[in-house]
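Protein chains: 2
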Amino acid sequence: MSGREQAFITALRQIAGDPAARNLSDDAAVLPRPSGDLVLSHDIIVENVHYFPSDPPETVAQKLVGVNLSDLAAKGAKPIGALMGYSLGPDYKWDQAFLKGLESVCHQYNLPLLGGDTVAVPRHTGHFSAMTVIGLAPSCGVPDRRAAKEGDELWVTSPIGDAGFGLNLLKQKKNINHSAQEKLVQAYRSPEPRLKEGIWLAPHVHAMADISDGLLIDAERIANASGLAVRIRLDRVPLSSEAISCFGDTKSTRLQAVTAGDDYQLIMACAANKRQELLKLSKEKQFDLYRVGQLTAGSGLSLFYGAEPIKQPDRLGYLHG
Amino acid sequence: MSGREQAFITALRQIAGDPAARNLSDDAAVLPRPSGDLVLSHDIIVENVHYFPSDPPETVAQKLVGVNLSDLAAKGAKPIGALMGYSLGPDYKWDQAFLKGLESVCHQYNLPLLGGDTVAVPRHTGHFSAMTVIGLAPSCGVPDRRAAKEGDELWVTSPIGDAGFGLNLLKQKKNINHSAQEKLVQAYRSPEPRLKEGIWLAPHVHAMADISDGLLIDAERIANASGLAVRIRLDRVPLSSEAISCFGDTKSTRLQAVTAGDDYQLIMACAANKRQELLKLSKEKQFDLYRVGQLTAGSGLSLFYGAEPIKQPDRLGYLHG
Chain V
1 MSGREQAFIT ALRQIAGDPA ARNLSDDAAV LPRPSGDLVL SHDIIVENVH
51 YFPSDPPETV AQKLVGVNLS DLAAKGAKPI GALMGYSLGP DYKWDQAFLK
101 GLESVCHQYN LPLLGGDTVA VPRHTGHFSA MTVIGLAPSC GVPDRRAAKE
151 GDELWVTSPI GDAGFGLNLL KQKKNINHSA QEKLVQAYRS PEPRLKEGIW
201 LAPHVHAMAD ISDGLLIDAE RIANASGLAV RIRLDRVPLS SEAISCFGDT
251 KSTRLQAVTA GDDYQLIMAC AANKRQELLK LSKEKQFDLY RVGQLTAGSG
301 LSLFYGAEPI KQPDRLGYLH G
Chain S
1 MSGREQAFIT ALRQIAGDPA ARNLSDDAAV LPRPSGDLVL SHDIIVENVH
51 YFPSDPPETV AQKLVGVNLS DLAAKGAKPI GALMGYSLGP DYKWDQAFLK
101 GLESVCHQYN LPLLGGDTVA VPRHTGHFSA MTVIGLAPSC GVPDRRAAKE
151 GDELWVTSPI GDAGFGLNLL KQKKNINHSA QEKLVQAYRS PEPRLKEGIW
201 LAPHVHAMAD ISDGLLIDAE RIANASGLAV RIRLDRVPLS SEAISCFGDT
251 KSTRLQAVTA GDDYQLIMAC AANKRQELLK LSKEKQFDLY RVGQLTAGSG
301 LSLFYGAEPI KQPDRLGYLH G
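From first to last, the protein sequence lines are chains V and S.
FYI, UniProt numbering numbers position 85 of the first sequence as 85, with every residue one higher than the one before it.
FYI, UniProt numbering numbers position 53 of the second sequence as 53, with every residue one higher than the one before it.
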């Protein structure tokens, strides 16, 4: 182990304070027997695929944790630990800033860092990091992407599209000088997993997932996995006031919002007779919930603006690679 | 998701048959409540750091699984699942061969693949893969690297050094044309985690770890973590007949063996009065176990050949980066 690697791990120890982490001094973490089923997810993020080399390293850590926790949110699970794989790049200041972001985001979501691995990689290898998160399943059972029922209504948390708009701003290399633009870029760089909402919603849904690749594609995945068709009402999709102030509220903006990735909002299929219950829940717990479509017999996706059928865009969502 | 990524995941589904994997169609895996404590480990392997671009892809999969399971072996844990992160490179044939190796090694160790993530990476990014393994802790409790006691004897499974010798052969770009050389290269490329031995040994040890960076450095880590000194008898270190036939049995060979990484043998500290019990266990279960040293009061590492003190080598083990 190099001095650089050693210094990094020493700094990590400050973050990994849970006894299960064994001070990062053992071969493995030891987690006391969980009180229920486990939900497990693993996501990697890679420079120039999931973030720009120019993104602040703190936000890269926030993205790593955010996208992983979002999978737990989609299953209504409570995070109980994480393991991280990290490529040490040539720039130790970058690594230190990443650690600062990691500490802050682990603290924010009360996520114990239990262990992992650090590798100094050859200079030409782009930076990447991997995370596995472990969550405690909700006692109501874990919502499945495959369990939507005919007649279910499709709901989403809000807003939709902000991260995609932020990505576009960065791609256009515009000066980000309005607070609205900053908010959109922040949505792209530092996604906020809907953990609380996932836990509240899990007992009320048939199927739930997170929107990682775009509302349309993730809605279609629920429909496909459940053997159903899905209809989406474009006019009902919740845009943020920041998105509207930067891009206006047009059909084209809305099509952009529903085909953009990295939202990390929740999308769920719920029995139609649960509508009042869901609205009451969102009011009580003070989070936004929008009914944007319906699951019906058949297959495939159809899109409407009010009653008007809309041509399906060529690209339903974000396609890596 | 690109067609290439989709094809890879379709192929992965053939391997991830456990119901907990949810057919790789959901956001996360759902593992029924485990019957005991959990042991968790995460290791990444990177091209040009942990393996050569010319290594057969099947063996890269074996190494990924082997190094991860070795951490469970060191804690006496029984594997119950794994999640994998994988960088899709430019060569799909390579990926397919990797999958073939993955399927075979998961089958060999009865390891359910539960989920993970696949990312098509930019061409210049070297190949890497990450794995998190989850194991069921032994009912006797999980051996800790930090729990060796003064007077403990130090034991290792056998052989020591083969992987390092294999690596040297590959570095020298020699033609590998003897079965002994092949065996050494195989030890480097396809480490065999000592899972069964770990489970058998766990109830008898104070401390246990796997030898990933070299016998000396890993012995010193146990000593440091336990606040003790360690004495190693070089003449007692078990070399394989293949290592001896290729490199002879000299002090220099032995020094090479104890400072080479990638052994993935187990190293453990046991009470001196357990000696007969351990020898009986190794005879009954038919695996080799060698007493190579002792933990004493104090700190640091000292090295002997018989009664003769040996100068400590500059490099105690394999240092990545």
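Note that these hints are calculated values from the structure, not bench results.
Hints may be right or wrong, so weigh each one.
Pulled from the structure, derived: some chain S residues nowhere near chain V, Cβ distances all over 12 Å [stated by the list, open to error]:
1. Asp27
2. Asn48
3. Ala74
4. Lys93
5. His178
6. Asp218
7. Arg291
Derived contacts from chain V toward chain S, CB cut-off under 7 Å, selection only [stated by the list, open to error]:
8. Asp27
9. Asp37
10. Val39
11. Gly89
12. Pro112
13. Gly116
14. His206
Beyond 10 Å from chain S on every Cβ pair, some chain V residues (computed) [said to hold, decoys possible]:
15. Gly17
16. Arg22
17. Ser25
18. Asp26
19. Pro34
20. Val46
21. Asp55
22. Ser87
23. Ala97
24. Val119
25. Gly126
26. Gly306
Glycine residues also receive a C-beta, built at the ideal position from the N, C-alpha and C atoms.
Here is how each hint holds up against the structure:
A beta-carbon of chain V is positioned within 12 Å of the beta-carbon of Asp27 of chain S; the least distance is around 4 Å. At roughly 5 Å, the least C-beta separation between Asn48 of chain S and chain V is not larger than 12 Å, which violates its mark as non-interface. Non-interface status of Ala74 of chain S relative to chain V is broken: a Cβ of that chain comes within 12 Å, the nearest being about 4 Å off. Once the 12 Å rule is applied to beta carbons, Lys93 of chain S is consistent with being away from chain V; the minimum gap is 17 Å.
No Cβ of chain V approaches the Cβ of His178 of chain S within 12 Å, the least distance being about 31 Å, so the stated non-interface status holds. With a minimum CB-CB distance of about 10 Å to chain V, Asp218 of chain S fails to clear the 12 Å threshold, and the non-interface call is violated. Non-interface status of Arg291 of chain S relative to chain V is upheld: no Cβ of that chain comes within 12 Å, the nearest being about 21 Å off. Because the closest C-beta pair between Asp27 of chain V and chain S is about 4 Å apart, less than 7 Å, the hint holds.
Against a cut-off of 7 Å between C-beta atoms, the interface hint on Asp37 of chain V holds, since the closest Cβ of chain S lies about 5 Å away. The closest approach between the C-beta of Val39 of chain V and any C-beta of chain S is roughly 5 Å, which is under the 7 Å cut-off, so the hint is satisfied. Against a cut-off of 7 Å between C-beta atoms, the interface hint on Gly89 of chain V is violated, since the closest Cβ of chain S lies about 11 Å away. About 11 Å separates the beta-carbon of Pro112 of chain V from the nearest beta-carbon of chain S, more than 7 Å, and the hint is not met.
Nearest Cβ of chain S to the Cβ of Gly116 of chain V: about 5 Å, under the 7 Å cut. The hint holds. A cut of 7 Å between beta carbons decides the hint on His206 of chain V: the least distance to chain S is about 13 Å, and the hint is violated. Look at Gly17 of chain V: its CB is around 16 Å from the nearest CB on chain S, clear of 10 Å, so calling it non-interface holds up. Under the 10 Å C-beta cut-off, the non-interface status given to Arg22 of chain V relative to chain S is violated; the minimum distance is some 7 Å.
With a cut of 10 Å on Cβ distances, Ser25 of chain V falls inside the contact zone with chain S, its closest approach being about 5 Å. For Asp26 of chain V, the condition that its CB be more than 10 Å from all CB atoms of chain S is violated, with the nearest at approximately 5 Å. With 10 Å as the threshold on Cβ separation, the claim that Pro34 of chain V sits away from chain S is violated: the shortest Cβ distance comes to roughly 6 Å. The non-interface label for Val46 of chain V is inconsistent with chain S: the shortest C-beta to C-beta separation is roughly 5 Å, within 10 Å.
Residue-level check passed: Asp55 of chain V sits 16 Å from the nearest beta carbon of chain S, beyond 10 Å. At roughly 7 Å from the closest C-beta of chain S, the C-beta of Ser87 of chain V falls inside 10 Å, breaking its exclusion from the interface. At the 10 Å boundary, the C-beta of Ala97 of chain V stays outside the reach of chain S, the nearest C-beta of that chain being 19 Å off. Taking the minimum C-beta to C-beta distance to chain S, about 5 Å, the non-interface status of Val119 of chain V is violated against the 10 Å cut.
Annotated as non-interface, Gly126 of chain V brings its C-beta within 10 Å of a C-beta of chain S; the closest such distance is 4 Å. No beta-carbon of chain S comes within 10 Å of the beta-carbon of Gly306 of chain V; the shortest separation is about 31 Å.
In summary, the numbered hints that this structure violates are 1, 2, 3, 6, 11, 12, 14, 16, 17, 18, 19, 20, 22, 24 and 25.
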